[in-house]
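**Q** Here my numbering is used: the first residue of the sequence shown is 18, the next is one more, and so on.
Where hints are given, some of them may not hold.
Result set (SDA-like, lysine to any residue): computed pairs, CA atoms no more than 20 Å apart in a straight line [said to hold, decoys possible]:
#1 Lys-36 to Leu-53
#2 Lys-36 to Leu-48
#3 Lys-36 to Asn-22
Restraint ranges, calculated between C-beta atoms of paired labels, are given here [what the hints assert, rightly or not]:
#4 Gly-57 to Ala-31: 38 to 46 Å
#5 Asn-22 to Leu-43: 36 to 44 Å
#6 Thr-38 to His-65: 31 to 39 Å
#7 Ala-31 to His-65: 30 to 38 Å
#8 Phe-54 to Gly-76: 28 to 36 Å
#9 Leu-40 to Ala-75: 27 to 35 Å
#10 Pro-32 to His-69: 45 to 53 Å
By construction, these hints were calculated from the structure, which means they are not laboratory data. Built from N, CA and C at the ideal position, the CB exists for glycine as well.
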Amino acid sequence: MSAPNVPTSHIGTAPRTLKDTLLPALAAAGLGIVLLFGAGFAPMEALHNAAHDSRHSAGFPCH
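Using the sequences and the hints given, assemble the complete structure.
**A** Listed below in structure tokens is the structure:
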């Protein structure tokens with residue numbers, strides 16, 4: 018008895034809709050805008066401290 022000839026290239030894949038591609042792009046753009054404007058209006062000392070702490074937590078020496 019032979020197995021049925023079923024193409025396996027399209028099993029388990031669903032077509033991507035506009036919502037599936039547009040929603041992550043808009044979320045990333047929104048986050049980027051918030052970060053840019055937040056950095057633009059934040060005091061420089063706060064930004065320096067945040068970058069400094071981020072570098073240390075990632076293991077990069079900074080001074």
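**Q** Against each hint, give a clear statement of whether it holds in the structure.
**A** Results of checking the hints against the structure:
1. Proximity of Lys-36 to Leu-53 is assessed by CA-CA distance (about 25 Å); at most 20 Å being required, the pair is judged violated.
2. The suggested pairing of Lys-36 with Leu-48 holds, with an alpha-carbon distance near 18 Å, which does not exceed 20 Å.
3. Distance check on the hinted pair: Lys-36 and Asn-22 sit about 34 Å apart at the alpha-carbon level, beyond 20 Å; violated.
4. Checked against the hint of 38 to 46 Å, the pair Gly-57 and Ala-31 passes, with Cβ atoms roughly 40 Å apart.
5. With their beta carbons about 43 Å apart, Asn-22 and Leu-43 fall inside the hinted range of 36 to 44 Å.
6. Taking the beta carbon of each, Thr-38 and His-65 are about 37 Å apart, inside 31 to 39 Å as hinted.
7. Remark: the range hint 30 to 38 Å for Ala-31 to His-65 is contradicted by a beta-carbon distance near 46 Å.
8. Taken as a hint, the range 28 to 36 Å holds for the pair Phe-54 and Gly-76, whose Cβ atoms sit roughly 29 Å apart.
9. A beta carbon spacing of about 29 Å between Leu-40 and Ala-75 agrees with the range 27 to 35 Å that was offered as a hint.
10. For the hinted restraint 45 to 53 Å between Pro-32 and His-69, the CB-CB distance of approximately 47 Å keeps it satisfied.
The structure is inconsistent with the numbered hints 1, 3 and 7, although it conforms to all the rest.
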